[in-house]
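There are 2 protein chains.
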Amino acid sequence: MAKIPVATGRVVIEAVTPQVDGGRYPAKRVIDESVVIEADVFGDGHDAIGALLRSRKTGSRRWQETRMTSAGNDRWRAELTPDSLGVWQYEIEGWQDHFATWLEGLGKKVAAEQDVSVDLLIGTEMVTAASTRARGKSARLLRKHAATIGDVGLDLAERLEVAFSEELTEGMDSTPERSQATRSRRFEMIVDRELAGFSTWYELFPRSWSVGAGRHGAFADVAKQLSYVADLGFDVLYLPPIHPIGTTFRKGANNALESGPDDPGVPWAIGSAEGGHTAIHPELGTIDDFRALRDAAAAQGIEIALDVAFQCSPDHPWVTEHPEWFRHRPDGSIQYAENPPKKYQDIFPLDFETSDPKGLWLALKDVFDHWIGEGIKIFRVDNPHTKAFAFWEWVIAEIRREHPEVILLSEAFTRPKVMHHLAKIGFTQSYTYFAWRNTRQELIEYMSDLAAVEDFFRPNFWPNTPDILTQQLQTGGRAMFISRYVLAATLSSNCGIYGPAYELMEHKPLSSGSEEYRNSEKYQIREWDLDAAGSIAPVISRVNKARREHPALQRTHNLRFHATDNDRLICYSKRAVADLILVVVNLDPDYEQAGFVDLDIDALGVDPAHQYQVHDLLTDRRYLWQGTRNYVQLDPAGIPAHVFAVRKRARSEQSYDHFV
Amino acid sequence: MAKIPVATGRVVIEAVTPQVDGGRYPAKRVIDESVVIEADVFGDGHDAIGALLRSRKTGSRRWQETRMTSAGNDRWRAELTPDSLGVWQYEIEGWQDHFATWLEGLGKKVAAEQDVSVDLLIGTEMVTAASTRARGKSARLLRKHAATIGDVGLDLAERLEVAFSEELTEGMDSTPERSQATRSRRFEMIVDRELAGFSTWYELFPRSWSVGAGRHGAFADVAKQLSYVADLGFDVLYLPPIHPIGTTFRKGANNALESGPDDPGVPWAIGSAEGGHTAIHPELGTIDDFRALRDAAAAQGIEIALDVAFQCSPDHPWVTEHPEWFRHRPDGSIQYAENPPKKYQDIFPLDFETSDPKGLWLALKDVFDHWIGEGIKIFRVDNPHTKAFAFWEWVIAEIRREHPEVILLSEAFTRPKVMHHLAKIGFTQSYTYFAWRNTRQELIEYMSDLAAVEDFFRPNFWPNTPDILTQQLQTGGRAMFISRYVLAATLSSNCGIYGPAYELMEHKPLSSGSEEYRNSEKYQIREWDLDAAGSIAPVISRVNKARREHPALQRTHNLRFHATDNDRLICYSKRAVADLILVVVNLDPDYEQAGFVDLDIDALGVDPAHQYQVHDLLTDRRYLWQGTRNYVQLDPAGIPAHVFAVRKRARSEQSYDHFV
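Line order of the protein sequences matches chains Y and U. Here the first sequence stands for residues 1 to 660, where the numbers follow the working numbering. Here the second sequence stands for residues 1 to 660, where the numbers follow the working numbering.
So that you can see chain Y by itself, here it is in the shape it has in the complex:
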């Protein structure tokens, strides 16, 4: 016969949120933001329940205990505001609160004018027991109350007054009988810095940024033009790999198999005699130039993000120093990357089934450590899904133990479950399918898919990358470039573009049906006219200003869609306490679209009986709206989107306040 589990507590704790896969992986949150933690807590029978949240920063010896409050239907809730970066732990404790049960019953019996003399003796026993758990003044007070309640010589009214006193309830609540309490498993939560939840990325190839044409651009050139990036409103400057580029099987312009002597090569073909993942491509400058760029960026409020692409050109030092980190074929050659029938002979993947996993993993960690040592705290990780999951889980935990401020963006454009898994095992942010979600229905469904994984997967929306020039951008013209950035930047609090290709509306594909750029910077140096007349930089700048100034745009899942009677118009709002933003975008790049938007005005909290002001942050125009149904008209020849700040009427007819 199985052992009788007689010591088991009578309370059950289930469905703790947030949690990821039953607690196997940590949830993700941002510092200084309140986290609501809930659980189902219930016991057998009808006794009252007590529950508390225990939380601490991992490593801290002291648990913070917060009483949970009932949210109805056996759900209990408490809030926690993590005030330091790193891994936090939390667990729930629940117990049957015999005192609260007794007090409630006593009230009902008194109301029914029943004899409560024995009940008062039961209460006396409970309060006396609590006094032995308490200390000092609390203990003395409980002893005094126990004596009063149990004193048959006293007036009944006096004894009941003490029984029902707030002082007694507080005293009992502060020393609950928890010896039979049930405790949930321990859950974890990654607490990131603010930038993990709200960031605006700009990707550029420094080699195309030379001041004065005909030269290989360098860090110093970028440093001189940082104000351009800052004026656009970006706070992360992401550089493709800055390391020496291999020459063996180097690709030419437009991915040509043969390259000429002047072809600069692909930055992702990392490694040459000049070094590997910790070296700098000489034509970009020295380590001092790099540090100068980093510091100049910081002075403008911009952080540098580096690309971590764990693969090697055939010329990478590791190929000769550590041949065991690569897969060898029966003919003795090293296995290059391939996706049959395609061959990538300029790239050797690392072999995570190597005979020396420890050596490989530590070397890869050293790459992060090196750049963290150079003050870099943001990494865009290239194709993480082609490296072992276990490696990422290990290396990210190792990095973040000492540097919880580090942010890692997962560049995995692959199947959804694989992308989600990379987020579960530690990536801070993730690229998404946003580039291929275009219609109203596609966007609404995709935002709903992302909301389902919000506890661990932070989307970063990019309308383009050096690898992705969508059909939409190829054919949609200026209106499409604007609308896709407005969508990216207002649907997701993390977003980015690859520029200047984006703001200069570079849109020619390598070939028909391809999503590759023609004359891509991946293979050649380009010259960009940042001052070109048609640049949409001013619009991007205004969108990013709206993001900086409006907390509602600094979160992703505070989103609500509203109906429109024209399915080329998409309408949604975001709210953060007093800040309310309403966005309407014309998804048609060719024709003016007009129609009515039907606002879910109760959800917005707008008073339908009064007018409210919608102030377009892109055009600075203001409109007076009322009720749920309002007309919009958006012309792709102008700005094909509204980003409205919604303001309720203030005291005078002329002034409008922030909406509360």
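Derived by calculation from the structure, the hints in this document are not laboratory data. Hints are not guaranteed to be accurate.
Said to hold, decoys possible - Calculated lysine-lysine pairs in the DSS-like style (CA-CA distance at most 30 Å, straight line):
(1) Lys108/Y - Lys522/U
(2) Lys365/Y - Lys343/Y
(3) Lys417/U - Lys108/Y
Unchecked claim - Calculated from the model, a selection of chain U residues having no Cβ within reach of chain Y, i.e. all distances over 10 Å:
(4) Glu125
(5) Leu156
(6) Asp366
(7) Gln441
(8) Asp467
(9) Asn519
(10) His550
(11) Gln554
Bear in mind the structure is a predicted one, so any value in this text is a computation, not a measurement. Just so it is clear, CB atoms sit at the ideal spot from N, CA and C, and this is done for glycine as well.
With the hints as your guide, set chain U onto chain Y.
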């Protein structure tokens, strides 16, 4: 630094279904029914995946291994058909299938006319390695194939033919390289007998069944009238507690505080000088009478279910033999049941915080063991939610270890999470809120709630019980009694009634607003005229016949609702392979309701281009329908429901086959 987990497999297994709370509790299934088991299985990179389901009856030393097949989007699937009662275990194993990856790449390279000489050498290595894992003939075959593929002296076509041969793929699939495989946690599944999933219950108070009036009815009286129950079509006969009834604080008719000498008492006030939970109330008969009833029932295809109510009258032997199993008050008295200000002085609850939990738990288990020893395999457990969860989890596992055929019905009318938890910890079936779900919308929502917990919670729908005479039944008349039974019996595969109160349409409440019966059998002996003219027994009999003859009605969650243009009409279908049932019920007991039903005909699989026959199993009338939209008209004065068997047209115009 954390230890480098270099041995971790590269494949991830997540989201295994069925599972309950991440595997903490077993799922529930029925013997000889196929169970679909699925999991997300994926690795890093783009390698092909192999996955298998391992399953066994707990205790068996041999695992059955079944290869899983891809269901798309990284989901893998296998089926398992448990062929014995008890607890089954299952787990998933997944690995990267290098051979399959290689074979796919080889195919693409050959198609692109690339050189594959090195690829063939790689294949040779893999097949040779597999031959060392295989045995006997398989090993010899693999060795032969490896030699052919690797033989540079042979014609390329010949080597490729072997590489792509089905024989080689089968050989490799039967000895996959699993040394780096990932294995999921182990999940469990309770396999019940068929009756757990499909049962039709009839509750009666034997004391009211005397043949010849004015006498306390006994088991022998019930035995004589079993054909009545059998003709109604019930297969479980549930008896309220059959034990001696206490006299202290015995309640009189209609729950009167005082009882007279002739009042029989409440069967749930268990225990007197004549014995407790293992004794039989003398007026019902002897143990031999009980056995005779049990055997007579079995002969008619009916199983006896007993009531297990773990509480004691003040006269129960345990009160003196084991005072420590009860809670004592400071004045020395035993705490009776109360729900302030209500007092139930005739009932002493057992104290699960007793100082002798082991003694108490074993004594309660002995009660089950005693009646199992008397051949009883079905128990309706009274108020399980007022006893410790840990006790139920222990005792049910103990009972079922030796008697996996035992079925326990949880009578917990309490908050949903508590009801669900009792199902998780082992109850086979559960009472539900069905009695209080009346409108179309309420019923649709409730069935959806139940579908969400179908892996562990098996509903049993009762339109009435001795404690529940709903407002609907009080006022709805004959049409309501019929429609509520049709709903119960066709929405849920497990259902029951408390009779003869139900079929005789007993509907007078104790008082206005009360759900208690007036002159309830709980407190007094009643006389029932089973042959009363107005009895709805014939309709119940027809409904139960339809249930017995139609597999579609023997499951619960094969349900689909269809639209109607009159919200007093509810329409739904159930399908089990070739059997298709369509139900339409008029929810209005007062007025005829007519309208169109809009069938989701694609989901039904009916051919909209041809007529199909709907055969009403309640009236035996047949109608020819076509397409999605068909007219119905249901009069509460007649039978206010259709239970249609749907048949497609067979060869001749006159005959209709089962729908396939």
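So, going through the hints one by one against the coordinates:
About 27 Å separates the Cα atoms of Lys108/Y and Lys522/U, which keeps this hinted pair within 30 Å; it holds. Between the alpha carbons of Lys365/Y and Lys343/Y the distance comes to roughly 28 Å, so the proposed pair stays at or under 30 Å and holds. Using a Cα cut-off of 30 Å, the hinted pair Lys417/U and Lys108/Y holds, with the two alpha carbons roughly 26 Å apart. A beta-carbon of chain Y is positioned within 10 Å of the beta-carbon of Glu125/U; the least distance is around 6 Å.
The claim that Leu156/U lies off the interface holds: its Cβ sits roughly 16 Å from the closest Cβ of chain Y, which is beyond the 10 Å cut-off. At roughly 12 Å, the least C-beta separation between Asp366/U and chain Y is larger than 10 Å, which holds for a residue marked as non-interface. Residue placement check: Gln441/U keeps its beta carbon more than 10 Å from all beta carbons of chain Y (closest about 20 Å). Asp467/U, annotated as away from the interface, keeps every beta carbon of chain Y farther than 10 Å; the closest lies near 17 Å.
Taking the minimum C-beta to C-beta distance to chain Y, about 27 Å, the non-interface status of Asn519/U holds against the 10 Å cut. Every CB of chain Y is more than 10 Å from the CB of His550/U (nearest about 37 Å), matching its label as outside the interface. Every beta carbon of chain Y lies more than 10 Å from that of Gln554/U, the smallest distance being close to 31 Å; the non-interface claim holds.
Hint 4 from the earlier list is the only one contradicted by this structure; the remaining hints agree with it.
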